Amino acid sequence: MSEFHNRSESSARRSDYVWQYEYYDDEEPVSFEGLKAHRYSIVIGFWVGLAVFVIFMFFVLTLLTKTGAPHQENPDSAEKRHRPGSRVADGPQDEHDKVFSRPLLAGSHSYFHFFVNEEDLGHGTHAAEDQRAGQDAGPQRGARGRLRCVGSPGMEDMEEDVEESGGHQPLRELAEGSTTDTECAFLSHFNIPNFVNWEHSSVLGEDDLYEPSVVLEAQAHSRKAHCDIH
Amino acid sequence: MNATSANQTGCPELKVPAPLFLGIGVASLAENLLVVLAVIWNRNLHSPMYAFICSLAAFNTIASLTKTWETLMILFADVGRLQKGGAHETRLDDVVDALMCMSFVGSFFSFLAIAVDRYITIFYALRYHNIMTAWRTRLVLGAIWTTCGVCAVLMVRFFDSNFIMICFIALFVVSLAMICFFYVYMFMLARIHARRIAALPSHGGGRCGRRRWRRRSARGALTLTLLFGAFVVCWAPFFLHLIIIMACPTNPYCECYRSLFQLHVALLMSHALVDPAIYAFRSAELRHTFRKMLLCSDCG
Numbered sequence: 001m002s003e004f005h006n007r008s009e010s011s012a013r014r015s016d017y018v019w020q021y022e023y024y025d026d027e028e029p030v031s032f033e034g035l036k037a038h039r040y041s042i043v044i045g046f047w048v049g050l051a052v053f054v055i056f057m058f059f060v061l062t063l064l065t066k067t068g069a070p071h072q073e074n075p076d077s078a079e080k081r082h083r084p085g086s087r088v089a090d091g092p093q094d095e096h097d098k099v100f101s102r103p104l105l106a107g108s109h110s111y112f113h114f115f116v117n118e119e120d121l122g123h124g125t126h127a128a129e130d131q132r133a134g135q136d137a138g139p140q141r142g143a144r145g146r147l148r149c150v151g152s153p154g155m156e157d158m159e160e161d162v163e164e165s166g167g168h169q170p171l172r173e174l175a176e177g178s179t180t181d182t183e184c185a186f187l188s189h190f191n192i193p194n195f196v197n198w199e200h201s202s203v204l205g206e207d208d209l210y211e212p213s214v215v216l217e218a219q220a221h222s223r224k225a226h227c228d229i230h
Numbered sequence: 001m002n003a004t005s006a007n008q009t010g011c012p013e014l015k016v017p018a019p020l021f022l023g024i025g026v027a028s029l030a031e032n033l034l035v036v037l038a039v040i041w042n043r044n045l046h047s048p049m050y051a052f053i054c055s056l057a058a059f060n061t062i063a064s065l066t067k068t069w070e071t072l073m074i075l076f077a078d079v080g081r082l083q084k085g086g087a088h089e090t091r092l093d094d095v096v097d098a099l100m101c102m103s104f105v106g107s108f109f110s111f112l113a114i115a116v117d118r119y120i121t122i123f124y125a126l127r128y129h130n131i132m133t134a135w136r137t138r139l140v141l142g143a144i145w146t147t148c149g150v151c152a153v154l155m156v157r158f159f160d161s162n163f164i165m166i167c168f169i170a171l172f173v174v175s176l177a178m179i180c181f182f183y184v185y186m187f188m189l190a191r192i193h194a195r196r197i198a199a200l201p202s203h204g205g206g207r208c209g210r211r212r213w214r215r216r217s218a219r220g221a222l223t224l225t226l227l228f229g230a231f232v233v234c235w236a237p238f239f240l241h242l243i244i245i246m247a248c249p250t251n252p253y254c255e256c257y258r259s260l261f262q263l264h265v266a267l268l269m270s271h272a273l274v275d276p277a278i279y280a281f282r283s284a285e286l287r288h289t290f291r292k293m294l295l296c297s298d299c300g
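Just so you know, the sequences run in chain order C and U.
Residue numbers for the first sequence follow the UniProt record's numbering, beginning at 1 and rising by one.
Residue numbers for the second sequence follow the UniProt record's numbering, beginning at 1 and rising by one.
No lab work stands behind these hints, which were simulated from the structure alone.
This list has only true hints and no planted wrong ones.
Reference excerpt, derived from the structure (chain U facing chain C, CB under 8 Å, subset only):
{"id": "1", "residue": "11"}
{"id": "2", "residue": "187"}
{"id": "3", "residue": "191"}
{"id": "4", "residue": "214"}
{"id": "5", "residue": "218"}
{"id": "6", "residue": "228"}
{"id": "7", "residue": "229"}
{"id": "8", "residue": "233"}
{"id": "9", "residue": "252"}
{"id": "10", "residue": "256"}
No experiment lies behind these values; they were computed from the predicted model shown.
Each residue gets a CB set at the ideal place from its N, CA and C atoms; glycine is no exception.
Given these sequences and hints, build the entire structure.
In structure tokens, the structure reads:
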């Protein structure tokens, strides 16, 4: 009988933590006399701190988007466009050096240089051929065949983007040769497959009745219409 | 006498009405079950990313199911149909607790797996299919489910000891930090490259491109804030409750915080409700599958 009592007592104690209705079985009386601050001060302080944290995080992320004007980059890219044939080999490195000149990205330097080496070794000949084909000379087509520019979605729907890229077998679609325009090539030149085609990501978000291949083709066509490259 | 009256005029326990618990539980159960079924049914969604999302939805399903079950048990106990201290009920309660612990821990691991998968997709994109093979995905999922099962059993058996609770809290903090790191790093790098692309002169004008880039970046910031905000707002109160149980059981301020226990559990359940909206429903393919499943049931 005593062990039954012990068992029920320990189980009752354990259930105190879980069964909320049993939690306040008067085990230890808490005295509320002589409180200096408000009773709910921990509650209020916790929720205020949480709200401040979330708002702070939002402002930090938004400020990150506002710092650094893109027009600073314009002279460099304009200069590159005027030098058509001379930058087959060292174009990617220069681009990447500019992109990664910020100390923030020192860690990612190694990843992208690895990609650059992969790309250049594999597609140096492709770049030369494409340049001769009379495309716009600024964009490098070194990485054209290896990256998914077309189905790559935008920055504001990061999750959707990454899902699209992960879920639709990118390499197989690339083999079908849907990436032929120069903007696509220029963007792929940066070896960032997923954050390239953000301009038309709204198509991906709203027209969800399309099958993936249809969406890809629609994006390619709309991009050609919007951006006057040739 | 004075102490008990003061105790009663202290912080009264905030009672969340049972229909609200049941409503949240049933809604999140329906949503997450829909996600699981959609991922299993559509062959296009048999990829590592959707596998992790499906695993998260499965854990949320278990969580909402067990929480709804527990609410019903408490309702029956209040009415008098169930005996609160009986051996059978206690064992049932243990099973329910173990499943809830398993689903909580599983949610953390699933969040981590989704963040790592997205990280690999972005930074190792060319080798993604070599790194994240189907076999490895199955291995990771099996490891997650086994670990959660073991953790759940251990937590429920040894819940009295503070060490287990400290482990649970440490797991939460580590998960939060890692998820924060992964997503903010991805966001920063994406911002750099999107800005670079917006600076292209061939991209339809500098000013227009810049404005567009800023708008997209701002929306990315909003998405990330929503992701973290929901995670932190829903999980942190419950974990602070666990810390307070261990740290200050007799402090009146802590007592007032503990009186909001039901509200914190309701927040925990609502996270299972919000999760599909944050992770699963953002995929166009998944939404398309839902429409096919719900509106066109004979489309096979």
